[in-house]
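Undergrad: The task is simple: from the sequences and hints, build the whole structure.
The sequence shown begins at 1 in the UniProt record's numbering and counts up one residue at a time.
The hints are simulated quantities; they were obtained by calculation from the structure and are not laboratory data. Small disclaimer: the values here were computed from a predicted structure and weren't measured. Heads up, a few of these hints could be off.
[Said to hold, decoys possible] Heads up, simulated DSS-like pairs for lysine-lysine below, C-alpha to C-alpha not over 30 Å straight-line: (1) Lys-110 to Lys-41; (2) Lys-113 to Lys-50; (3) Lys-38 to Lys-67; (4) Lys-35 to Lys-110.
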Amino acid sequence: MGFLSRFEGKMEDTFEGAADKVFDSPISPVQIAKKAEKQMKREKMVGAGKQYAPTLYTVLVNPDDDKRLFGYYPTLAGETETYLVAKAAEHGLVMDGQPLVRFIVDDGLKSGKFDIIAEAVAAPIVMQLRNEEMQRYGLVPQAPYGQAAPYGGPQPYVPDPYAPSQPTPADAYEPYDPYQPVVPAVAPAPGIGAAGAASAVPARGNHTIVIPPAGAAPAPADAGGPQAQLIDVATNRPFALSGARITMGRESVNDIQVHDINASRKHAELTLQPNGAWTITDVGSTNGTIVNGRPVASQVLRPGDRITIGTTEYTFVVA
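TA: Have a look at this one:
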């Protein structure tokens, strides 16, 4: 029996008596587990010769679905975390400690729809967030920073009922520093930003079109010449701008997925001009596209420009 079948069976046993509410809803535990696994594989990162899996999984849900499922979150989160640990080992991915699955309301989602943001977050921050989640559910008194109790109720958390028969390599859980420079496993890969911010950035005023002075545009790039990149300021993660059009936003279909609930699903586009310059254009986002602290509708980028999407910042570089 596969991991997913065992997971489904365990969830059915766990939610016995509430199956109609949980399993017959548009959002089911199995759907959440499958999408979380998909995002885990999509967001894996390479560093020091290893592939690292994300450790923070934020499930965005509609307000009505949140009210209906809120009481099941602790168990659902704990079982999904266990499933992800097993699948990470199966795919040969390293995790920096126990992952955290949390649920946050997104007013922009329709009932029955959900999305998952997967991020690589340092273990102490995950512990702090886990403690905050348990406080939210009223499970335990507040624990000291970095010493959060196990997720999922009074029973000790069992991390591995789905683990493979052979032991996990000794180095499978080596600490990982998400702030050291890394490269995406697949380029171009989605970005990692400040997901889970509970409050939205206030909507900005009218966008301003900034027109650079004559002659300020970057010189045309020769074939095989310098490569333009966006660098995530928080994680130092680079995103190569390969192709003539790069989309940015919260949806996973974007070329650069911005893991930030303050970013719009389709937020901005980067376009390579015939002269070799790159232009960023806002595509009707809620909170606007910011370049060097100013909201813009469209602007030619220069090396060193700071781009803000939601609360996530990138630096434009040509290397």
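Undergrad: All hints are to be evaluated individually against the structure, with a verdict given for each.
TA: Taking the hints in turn, this is what the structure says about them:
no., hint, verdict
1, Lys-110 to Lys-41, "holds (26 Å)"
2, Lys-113 to Lys-50, "violated (34 Å)"
3, Lys-38 to Lys-67, "holds (26 Å)"
4, Lys-35 to Lys-110, "holds (17 Å)"
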